[in-house]
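The sequence shown begins at 1 in UniProt numbering and counts up by one.
Check the hints yourself; a few may be wrong.
[Unchecked claim] Simulated DEER-style distance windows between Cβ atoms: (1) Q15 x G117: 21 to 29 Å; (2) P39 x I113: 31 to 39 Å; (3) P83 x N58: 14 to 22 Å; (4) V93 x N22: 36 to 44 Å.
[To be verified] When the alpha-carbon atoms are kept at most 20 Å apart in a straight line, the in silico DMTMM-like pairs for lysine to aspartate or glutamate are as follows: (5) K104 x E45; (6) K51 x D26; (7) K108 x E64; (8) K104 x D65; (9) K108 x E49; (10) K108 x D65; (11) K104 x D91; (12) K51 x D75; (13) K51 x D91; (14) K51 x E61; (15) K51 x D74; (16) K104 x D74; (17) K108 x E61; (18) K104 x D82; (19) K104 x E61; (20) K108 x D75.
Everything labelled a hint here was simulated from the structure, so no lab data went into it. Note that the Cβ used here is the ideal one computed from N, Cα and C, for glycine as well.
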Amino acid sequence: MKRKHHYTSATNVAQIVSARNNGGNDPILFQNRLKSARPFIDMIELEAELKGHMGCVNCLEWSEDGRILASASDDFHVMLWDPFTHRQLYDLVTPHDGNIFSVKFIPKRNNSILVTGA
1 MKRKHHYTSA TNVAQIVSAR NNGGNDPILF QNRLKSARPF IDMIELEAEL
51 KGHMGCVNCL EWSEDGRILA SASDDFHVML WDPFTHRQLY DLVTPHDGNI
101 FSVKFIPKRN NSILVTGA
C-alpha cells in the first residue's frame, strides 16, 4: 500500500513543512504546495548575500537533498554553496565561453554531477 502524504490537508506553511518532516517524502508535491502558499511568499526576506561571482548570476539550483545551492554566472563559473552557513564550498571554472544560463544537479547521483548550459 502506498503511503499517504499529508501535504494536501496542510493549511499553512508550518504544517506543510511539518508534514514533510514527518514522513511526507514526495519532494515534487512539497515544492508545488509551497509555490502557491501566499504566507510562504510573504515571509521570504533576504537572509544573506552570497558573494563570490564576478558577473551577473543567471541561475540557481538546489541539490536534491537541499544541502547545496549551485549558482551559475556570466563569469563562466559555477559556485556551490552551503545554504546554512552561507559559505562557498567550491568554485568551478567551466569551459564555457558564453554566459551560463542553466545549471542542474543530475538526480540520484549524490550531488556529484552537475550539468551547465551556456
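Taking the hints in turn, this is what the structure says about them:
1. For Q15 and G117, the hinted distance range of 21 to 29 Å is not satisfied, since their beta carbons lie about 37 Å from each other.
2. Roughly 35 Å separates the CB atoms of P39 and I113, a value that falls within the hinted 31 to 39 Å.
3. Against the hinted window of 14 to 22 Å, the Cβ-Cβ separation of P83 and N58 comes to about 18 Å, which satisfies the hint.
4. V93 and N22 have their C-beta atoms about 42 Å apart, which keeps the hinted 36 to 44 Å range intact.
5. Distance check on the hinted pair: K104 and E45 sit about 24 Å apart at the alpha-carbon level, beyond 20 Å; violated.
6. A hinted pair counts as satisfied when its Cα atoms are at most 20 Å apart, and K51 with D26 does not qualify at roughly 32 Å.
7. At roughly 8 Å between alpha-carbon atoms, K108 and E64 fall within 20 Å of each other, so this suggested pair holds.
8. Between the alpha carbons of K104 and D65 the distance comes to roughly 13 Å, so the proposed pair stays at or under 20 Å and holds.
9. Restraint check for K108 and E49: the C-alpha separation of about 29 Å exceeds 20 Å, so the hint is violated.
10. About 10 Å separates the Cα atoms of K108 and D65, which keeps this hinted pair within 20 Å; it holds.
11. Pair hint K104 plus D91 holds up; C-alpha atoms about 15 Å apart against a cutoff of 20 Å.
12. At most 20 Å may separate the alpha-carbon atoms for a hinted pair to count; K51 and D75 meet this at roughly 13 Å.
13. Restraint check: the Cα-Cα separation between K51 and D91 comes to about 12 Å, which is no more than 20 Å; the hinted pair holds.
14. With a C-alpha separation of about 16 Å, the suggested pairing of K51 with E61 holds against the 20 Å cut-off.
15. Between the alpha carbons of K51 and D74 the distance comes to roughly 14 Å, so the proposed pair stays at or under 20 Å and holds.
16. Our distance criterion of 20 Å between C-alpha atoms is met by K104 and D74, whose separation comes to about 16 Å.
17. A hinted pair counts as satisfied when its Cα atoms are at most 20 Å apart, and K108 with E61 qualifies at roughly 15 Å.
18. Pair hint K104 plus D82 holds up; C-alpha atoms about 16 Å apart against a cutoff of 20 Å.
19. Only pairs whose Cα atoms come within 20 Å are accepted, and K104 paired with E61 is accepted, the gap being roughly 6 Å.
20. Annotation: proposed proximity of K108 to D75 is violated, straight-line Cα distance about 28 Å (limit 20 Å).
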